[in-house]
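As they're listed, the protein sequences go chains B and Z.
Position 135, counted from 1, in the first sequence is what UniProt numbering calls 135; the numbers after and before it change by one each time, with no gaps.
Position 57, counted from 1, in the second sequence is what UniProt numbering calls 57; the numbers after and before it change by one each time, with no gaps.
It is worth saying that the hints were derived from the structure and are not from the lab.
Do not take every clue at face value.
What the hints assert, rightly or not - Ranges of calculated distance between the beta carbons of each label pair, as one might list FRET restraints:
id : chain 1 : residue 1 : chain 2 : residue 2 : range
1  : B       : 16        : Z       : 238       : 48 to 58 Å
2  : Z       : 185       : B       : 231       : 51 to 61 Å
3  : Z       : 168       : B       : 62        : 52 to 62 Å
4  : Z       : 161       : B       : 187       : 21 to 31 Å
5  : B       : 18        : Z       : 21        : 56 to 66 Å
None of the values given here were measured: they were computed from a predicted structure.
The C-beta atom is built at its ideal place from N, Cα and C for all residues, glycine as well.
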Amino acid sequence: MNGEGGLVAGGVAHGFAGTKVLDGIDLRVPRGGVLAILGPSGAGKTTLLHILGGLLEPDAGRIDRPFERSAFVFQDPLLLPWRTARGNVVFGLAGERLSRAERLARARSMLVKVGLGQGDAGLYPHQLSGGMKKRVALARALAVLPDLLLLDEAFSALDVGLSREMQQLVRLDAQERGVTVVLVTHDLSEAVRLADRAVVLAGRPGRIVARLAIDRPARLRDDAFVEAEIRRIAALDAIRDAFRPTLSG
Amino acid sequence: MPRLSWRRLTGGGERRWAMLGLAVVVALWEIGHRAYGDFVLPSPLATLAALGRLAAGGELGPAVATTARDALSGFVAATLAGSFLGGLAGRSMPVRAMLQPIATMLIGVPAIAWVVLSLLWFGSSGLAATFSVAVAAGPLVFAAATQGTRTVDGGLRTMARAFRVPLGARIVDVYLPHVLSHLLPALGTALAMSWKVAVMAELLSGAGGIGDGLAAARAEVDTAKTMAWVVVVVALLLVVERLIIEPARRHFETWRRGLPGEAA
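Please construct the entire structure, taking both the sequences and the accompanying hints into account.
Quick look at the structure:
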C-alpha cells in the first residue's frame, strides 16, 4: 500500500447559488486508504463527497482521481421503485461489459453477501424495510467491484448489530481488493472502526478543522480500543469546537 | 379462448359488481321507456333490434371501421407529437415556457370549433376528422408528458450518473417508468376524447363513420337508431380501453402492486 496515485484534492472550494459551502479543502487518500469525513450537519460533508466522486465539478481547486471505477452509496438508498432488489443491483452494472447472466449472478451473490436471500431479491423497494433498502444500495455499489468507494452515511439507518456487520463487509472487501474508501459519517465509532485517517469539517463555509490518524490496523481494533479512541478524539479541542454549534442549538 | 377475453372485458374478480351496475342502468332505461314512450326513449330491446338492423343492413361494419380509423389516426398523431414535445418541454425550461401557453390555448378552444375549422381547411375528407382529434387530444398528452418528465426524481438521475449508466438504460429504467405513470392515465382520457371528437367531425362532414350514421338517424327522426349508434360508440370505447389501455397500464406498473392505494 503505497501512497502513489491516490485521491488528491487541492484548494477545493464550492458554492451553491452564491453561498460558499466549502473552502480551502486539501486532502489526500493513498490508494487502499480509508478516509472518514466527520463534522456537524450542514458543514458540506456530502458536497465534498460528491466532488471527490466526480458528481460535482468544484468551483475552484483540482481533484486527482486516478481510479477506473467509483461507486456510491448515497444517504438515501435511491433505488428504482419499479425494479426489484435484484433488478436494482443489475442496474448499477448497466455500464459494465457483462452478459445478462453474469450481471444476474453477480447481483445475486452480492445480495447474499449483504444478507438478502433469494426471496428478498425478488421484492420491490416499497416491500423492503429501510435497513434492507440500505443493504441493497450497498450491494449495488460493491457489485461493480469499485476501486474507489464513496459512502454517505451508508450504515446510519441500520440497527447496531447489522451496521457492524456491514462495516465489517466493507472493510474486508476493501482490504481484499485494495479499494480506496471515503466515508461520510456523523458517527465517531464508525469512523474509528473503519478509517485509518479522518478529517473534520466545520464552519460555514466548511473547512477542515482537524485531521486525525488511527494507526492500529482495522482488523485489530476491538471494542475497548474503539471506546478509548472515541474518548481520546472527543476530548480534542478542535472536535469539541466543531460540534459545539449543533450541540447547543 | 373466448372465456379469457370475456374475463378481460369484464375485469376478472370485480365483474359481478360491474355487471350489477350495468343491470341497474338497463333497468332505469326500461323504466324511462315505460314512462315516456317509444319516441323519447326506445326500450333497450328496440335499441338492440335497431342495432341488429344496422348490422344486417351492412352499415355497421364500414361505419365502425371509418370511425376507428379517424379516432385512432388522430389519437396516434396526438400521442406521438404530444409525448415528444412534452418530453422535450419537461427537460428544457425555454421549450416549456414557449410551448405551455400554446398548449393551454389549444385546450381552451372548444372541440367543435376545431371540427368546423378543419372542415373549412381540409374539406369533408377523412383528414378533417383526424386533424380535429389530434389537435383536441394532443395538448392533454403534452401536459402529462411534460409533468412526467419534469418530475423525474433528481436523486435517481444522480445515482444513474454516479454508476455511469449508459443513456439507453437511463431512458428505459429511470425516465420511462416514471413518465408512463403520468402518461398512461392521460392517454386513457385522450383516447375517450378521440372517439367523441371523431364522431362529432363525422356528423358535420358527412364523410361516413358513426357520426354520419347519427346524422342520418336524426334526419329520419329515428330515436332507436340514434340510441343504437350511441351503444356502438360506448362499446367501442370500452373494448379499446379494456383491451389496450388497461393491459398496458398493468404491464408497466406491476411494481405498484401492494403500494398504498393499489390492489394487491
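With respect to the beta-carbon atoms only, verify the hint that residue 161/Z and residue 187/B lie 21 to 31 Å apart. holds, 27 Å
Hint check for residue 62/B and residue 168/Z - Cβ pair distance inside 52 to 62 Å: violated, 33 Å
May I ask you to test the hint 56 to 66 Å on the CB atoms belonging to residue 18/B and residue 21/Z? Check passed, 60 Å falls within 56 to 66 Å.
Could one say that the CB atoms of residue 16/B and residue 238/Z fall in the range 48 to 58 Å? holds, 52 Å
A range of 51 to 61 Å was offered for this pair. Does it hold for the Cβ distance of residue 185/Z and residue 231/B? Since the Cβ atoms of residue 185/Z and residue 231/B sit about 59 Å apart, the hinted range of 51 to 61 Å holds.
The structure does not agree with numbered hint 3 stated previously, though it agrees with all others.
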